[in-house]
Amino acid sequence: MNGYPNGRLLALLGVSTLALAGCGADLKWYVVSPLTESGRANLLFLLGGLKYTLLLSLTAIAISVVIGLLVALPGISQRAPLRAINRVYVELVRAVPVLVLILWVYYGLPIVMGISVSVFWAGVIALALSDSAFEAEIFRAGIQSIDRGQIEAADSIGLGYLDRMRYVVLPQAIRRVLPPLGNQLVYMLKMSSLVSIIGMQELTRRANELVTAEYRPLEIYTVLVLEYLLLILIVSQGVRWMERRMTASER
Amino acid sequence: MFSGNVFVMEPISIPGASGSAENATPSPDGEPIGRSLVTLERLVKRYGDFRALDGVSLEVSAGERVVVCGPSGSGKSTLIRCINGLEHPDEGRVFVDGRAVRSRGRGATRALRTLRTDVGMVFQQFNLFPHLSVLDNLTLGPMRARGLSRPQAEALAHGYLKRVRIPEQADKFPRQLSGGQQQRVAIARSLCMEPKLMLFDEPTSALDPEMIAEVLDVMSELAASGMTMLVVTHEMGFARRVADRIVFMDAGAVVEDTVPQRFFEAPASVRGAAFLQRILAH
Chain A
8 MNGYPNGRLL ALLGVSTLAL AGCGADLKWY VVSPLTESGR ANLLFLLGGL
58 KYTLLLSLTA IAISVVIGLL VALPGISQRA PLRAINRVYV ELVRAVPVLV
108 LILWVYYGLP IVMGISVSVF WAGVIALALS DSAFEAEIFR AGIQSIDRGQ
158 IEAADSIGLG YLDRMRYVVL PQAIRRVLPP LGNQLVYMLK MSSLVSIIGM
208 QELTRRANEL VTAEYRPLEI YTVLVLEYLL LILIVSQGVR WMERRMTASE
258 R
Chain B
3 MFSGNVFVME PISIPGASGS AENATPSPDG EPIGRSLVTL ERLVKRYGDF
53 RALDGVSLEV SAGERVVVCG PSGSGKSTLI RCINGLEHPD EGRVFVDGRA
103 VRSRGRGATR ALRTLRTDVG MVFQQFNLFP HLSVLDNLTL GPMRARGLSR
153 PQAEALAHGY LKRVRIPEQA DKFPRQLSGG QQQRVAIARS LCMEPKLMLF
203 DEPTSALDPE MIAEVLDVMS ELAASGMTML VVTHEMGFAR RVADRIVFMD
253 AGAVVEDTVP QRFFEAPASV RGAAFLQRIL AH
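Taken in order, these protein sequences are the chains called A and B. One point on numbering: in the numbering used here, the residue at position 205 of the first sequence is 212, and numbering is uninterrupted. One point on numbering: in the numbering used here, the residue at position 276 of the second sequence is 278, and numbering is uninterrupted.
Source of the hints: derived by calculation from the structure; they are not laboratory data. Incorrect hints may appear among the rest.
For each label pair, taking beta carbons as the anchor points, the in silico distance ranges come out as [stated by the list, open to error]: (1) A/A148 <-> B/G109: 49 to 57 Å; (2) B/Q178 <-> A/G121: 34 to 42 Å; (3) A/A48 <-> B/Q178: 52 to 60 Å; (4) B/R108 <-> A/A148: 43 to 51 Å; (5) B/T111 <-> A/W248: 37 to 45 Å; (6) B/D92 <-> A/A148: 26 to 34 Å; (7) B/F266 <-> A/P187: 34 to 42 Å; (8) B/G50 <-> A/W248: 34 to 42 Å; (9) A/V95 <-> B/Y49: 49 to 57 Å.
Quick list of in silico lysine to any residue cross-link-like pairs, SDA-like style, CA-CA up to 25 Å [said to hold, decoys possible]: (10) B/K198 <-> A/P104; (11) A/K58 <-> A/E98; (12) B/K174 <-> B/A157; (13) B/K198 <-> A/E159; (14) B/K174 <-> A/L106; (15) A/K197 <-> A/R101; (16) B/K198 <-> B/R165; (17) B/K198 <-> A/K58; (18) B/K174 <-> A/Q157; (19) B/K174 <-> A/G156; (20) B/K174 <-> A/R183; (21) A/K197 <-> A/E159; (22) B/K198 <-> B/L278; (23) B/K198 <-> A/Q157; (24) A/K58 <-> A/M249; (25) B/K174 <-> A/I70; (26) B/K174 <-> A/L225; (27) B/K198 <-> A/R171; (28) B/K198 <-> A/G156; (29) A/K58 <-> A/L77; (30) B/K174 <-> A/Q244; (31) A/K58 <-> A/R182; (32) B/K164 <-> B/R106; (33) B/K174 <-> A/R101; (34) B/K198 <-> A/R47; (35) B/K174 <-> A/P178; (36) B/K174 <-> A/M172; (37) B/K174 <-> B/A226; (38) B/K198 <-> B/R242; (39) A/K197 <-> A/I158; (40) A/K58 <-> A/R173.
In this text, a Cβ means the ideal position worked out from N, Cα and C, and glycines have one as well.
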């Protein structure tokens, strides 16, 4: 094994110590202390947001990967109009800030479409759309990195476009883009905190609500930081594990 | 798109196309007597101002073994890549087994796929699929392009792996094999399509010297089995032993088209003689 898990642990410890030392501030850890009953209740309330953060991020990333792939494919077409579709989508979607998109989908879309969107789905749609432009660029880069000889070999054994993509190009491209895809997943977990603005009961929203009730922003937001930190460290370990597993078969 | 291949490929009559494959006799002067399998008519291919092919015509009969040689940049690779539609000539026409190879127009994509199941191609860089096992490399084409079932495709694959003398490597990945073994897998992959014609684009140029022989042996055996072959190579020993005809190209044109003996002993052109001197000198 290499050294980075230890490195990460050290970083985590460092941040924790810094937070606990409090740089001289007047800390009242009782609000989130697992030793008192009210502290425990507060902690459980904070951690309860984890479910929504995960559900929101994972649903959004799954959708955005699919959209991203569908948008990437015309981007590598030899036909200019198809490439134009890809460019317009990527440029437009990429230009809208995530927060703005969340607000627009939640408050604007119901008026345009005449339907009501739940907080959860508004968040999912906004996050997925916003991320899909980046996924599209990642997939396009991955597909374009596949050696021309692979495509010629697939052609020469009579494979059509779909088979060539499914059996030859995409399996290789996806292995190559796993690191940036992992990046996007981490990014998504963090961006999901923005959905708190429309009232989604995820980690950030719960911290905000607790701060309003307890007036201890430093302690509660420190717990929030640690929650995200832990969550993302675990997720990136998972992504690395998947990378190792998927590249192992080629060795 | 449900139009059958019969309708999208234009059957045309070619001089000498009526003869059967059995009485095809390789002719010394490039005038095929047997059934013509490949006909190239005045092919021109330009890359910007550079003319990779400058009006090349060529006929290959069923069962013939043709070696194409010439200095680099003479258009050899471009020529054989036009035969399976990996390159499309700017002018001229390509016929394979009596059907015109078309790159544009209605049904062209489908017609190209059908053509490619008839024409095997072996690349200089092998181009095996690195994420698939040797067996999966071999069965992909038969299953997806020829519609065979997995057991059928695997039986076929094991048969051809035996023929290229690596039956025990079926479950390995390409990366685990030597260059020579990889190229033999690539040959087997093409053979699994049971093509009428095999194209080889410098199949030994990326190999270490000690591995060249094992690949050439497999190719010689294939030639002996009666496969029609067009081989771009600098292996003049192989050309002399195996080829029925040598096509010598220079500057995008066919300069000589003759039997090996005549080409090696008394090349008719100055450029041919100069090429031989360079390549045989070392």
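(request) List in ascending order the numbers of the hints, as given earlier, that are violated by the structure. (result) Violated hints: 1, 2, 4, 7, 8, 9, 10, 11, 14, 17, 21, 22, 25, 26, 29, 30, 31, 32, 33, 34, 37, 39 and 40; rest satisfied.
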